[in-house]
Amino acid sequence: MLSNPLALIAEITHRCPLHCVYCSNPLQMAGVQSELATDTWLRVWREAAKLGVLHLHLTGGEPLARPDLTELIAGAHAAGLYTNLITSGVGLSEQRLASLVEAGLDHIQVSFQDSREVAANWIAGAKAHAHKIQLSRNIRKHKIAFTVNLVVHRQNLDHLEEMISFLEDLQPDRMEIAHAQYYGWALESRTSLIPTRDQLERAVKTVAEAEARLSGKIRIDSVVPDYYARYPKSCMGGWGRRLMLIEPAGKALPCHAAGVIPGLEFDNVSAHSLEWIWRESAAFRKFRGEEWMQEPCRSCDRRTEDFGGCRCQALMLTGDANATDPTCSLAPQHKLIEAVLLAANSGEQGTSRPITTGSLRQVQEQGLWMYRTNPE
Amino acid sequence: MAHPADTSQPRLAAGCRWGGSGEEGTILFPEGAIKVQGTGKKILEHCDGQNTFLQIVEELQKHYTASDPAHIKEDVAKFLEALHQKRIVDY
Chain A
1 MLSNPLALIA
11 EITHRCPLHC
21 VYCSNPLQMA
31 GVQSELATDT
41 WLRVWREAAK
51 LGVLHLHLTG
61 GEPLARPDLT
71 ELIAGAHAAG
81 LYTNLITSGV
91 GLSEQRLASL
101 VEAGLDHIQV
111 SFQDSREVAA
121 NWIAGAKAHA
131 HKIQLSRNIR
141 KHKIAFTVNL
151 VVHRQNLDHL
161 EEMISFLEDL
171 QPDRMEIAHA
181 QYYGWALESR
191 TSLIPTRDQL
201 ERAVKTVAEA
211 EARLSGKIRI
221 DSVVPDYYAR
231 YPKSCMGGWG
241 RRLMLIEPAG
251 KALPCHAAGV
261 IPGLEFDNVS
271 AHSLEWIWRE
281 SAAFRKFRGE
291 EWMQEPCRSC
301 DRRTEDFGGC
311 RCQALMLTGD
321 ANATDPTCSL
331 APQHKLIEAV
341 LLAANSGEQG
351 TSRPITTGSL
361 RQVQEQGLWM
371 YRTNPE
Chain B
1 MAHPADTSQP
11 RLAAGCRWGG
21 SGEEGTILFP
31 EGAIKVQGTG
41 KKILEHCDGQ
51 NTFLQIVEEL
61 QKHYTASDPA
71 HIKEDVAKFL
81 EALHQKRIVD
91 Y
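Going down the list, the sequences are from chains A and B.
Using my numbering, the first residue of the first sequence is number 1, and each one after it goes up by one.
Using my numbering, the first residue of the second sequence is number 1, and each one after it goes up by one.
None of these hints come from the bench; they were simulated from the model.
Quantities reported herein were computed from a predicted structural model and do not represent experimental measurements.
Warning: the hint list may mix true and false statements.
What the hints assert, rightly or not - Below 27 Å or equal to it, Euclidean Cα-Cα: the simulated DSS-like pairs (lysine-lysine) are: (1) A:LYS217 / B:LYS35; (2) B:LYS41 / A:LYS217; (3) A:LYS205 / A:LYS217; (4) A:LYS143 / B:LYS86; (5) B:LYS42 / A:LYS143; (6) B:LYS78 / B:LYS35; (7) B:LYS62 / A:LYS217; (8) B:LYS62 / B:LYS42; (9) B:LYS62 / B:LYS35; (10) B:LYS41 / B:LYS78; (11) A:LYS217 / B:LYS86; (12) B:LYS35 / A:LYS143; (13) A:LYS335 / A:LYS233; (14) A:LYS143 / B:LYS41; (15) B:LYS86 / A:LYS141; (16) B:LYS78 / A:LYS143; (17) A:LYS286 / A:LYS233; (18) B:LYS62 / B:LYS78; (19) B:LYS35 / A:LYS50; (20) A:LYS205 / A:LYS233; (21) B:LYS73 / B:LYS35; (22) B:LYS42 / A:LYS217; (23) B:LYS86 / B:LYS73; (24) A:LYS233 / B:LYS35; (25) A:LYS217 / A:LYS143; (26) B:LYS41 / B:LYS62; (27) A:LYS141 / A:LYS217; (28) A:LYS217 / B:LYS78; (29) A:LYS141 / A:LYS127; (30) B:LYS86 / A:LYS233; (31) A:LYS50 / A:LYS286; (32) A:LYS50 / B:LYS41; (33) B:LYS86 / B:LYS41; (34) A:LYS205 / B:LYS86; (35) B:LYS35 / B:LYS86.
Please construct the entire structure, taking both the sequences and the accompanying hints into account.
Shown next, in the form of structure tokens:
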């Protein structure tokens, strides 16, 4: 029996003042002109709550780029949704924050790129670090949940301890330490982002120590990189099983990256109800259940746990969206991952690059990675 | 992690609140939700930041007269401590 979605991820705009190299937005972004109107979003919130959704994650791009954000939060709150704002914090004045809280915001999640200002701004491609620190102080004046999110990778893992203690000083309730995942923009820069095995092992230990030390004070959630795991992640808790994502123009997707899979048609919330899309949309039905699975997934005991891993990753790396996620050690195409790891742990690439203080332009000229651009 | 003190005043942590409707109660918090019913629901309904831990325990003891009062106190403490660990309850 089909269960209802538990969370709705709303990318309310793709505009963003940051240009993070590992941005999870698609390479083809929705332009400003195509963004949904306020009333359409408000209808979507009501339909979501009726469908059984508990959590609404407002993200982007940068949600603050929408002048109607306060109204969107008030509407979500009135519909009974638990509302989380995922933000860079850039442009969030004390006054605007107060109005968002007043409107019923439950939780705010601020991303940090590093503990060191130069390095943080380098990853973000923008001078954002100092704003985020100021914002964190303002957030603690309000009674809402506060999460700090840190994306870790090859360039910053060597000072993970320092980054954790920096985040600790911001007094969050929760800390998310997530290894970069190689989709969209991050896949383009994978060579510069993928950690060495040694970095990863030290990071796991550092996070475990921090968890023990901060227990009862700050909850730590961490995401390990699937390239180094034995089995793939249960991506989105299974395709079309728990989550629904709506992009700025209203297209409903089963996950952030689903747009890369050729032949999928995404229905739009402007034309259909959320309930219809959840039940009937061809894109949501495509990888539900086990019909689509190939061997070894089809007969594997783990198929009800990880659902064969990530369909988008399977497509991006093997060219076949039905294939077993190649990060699985049982996957016929696991050698693709082994080759990436071998390169990451040997020769020149094997030496972790220290963060330099070079200008953004220099870094771009060196071709270390590609910055996220903005939609038209 | 310590048990709540007798005089502490347990409350839902910042950003944690009741949600949903019906017999079962749902506590919503960042990235998750728990369903509570029966005794758990009763305990959390008393966690308003006013009642002390001891008052909550006494309330429960009045309700469950057949159970050992010391046992009840221990169970309530463990329950709140587990939720404190998850950053759902503060005291």
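(message) If you test the structure against every hint from before, which numbers come out violated?
(response) 7
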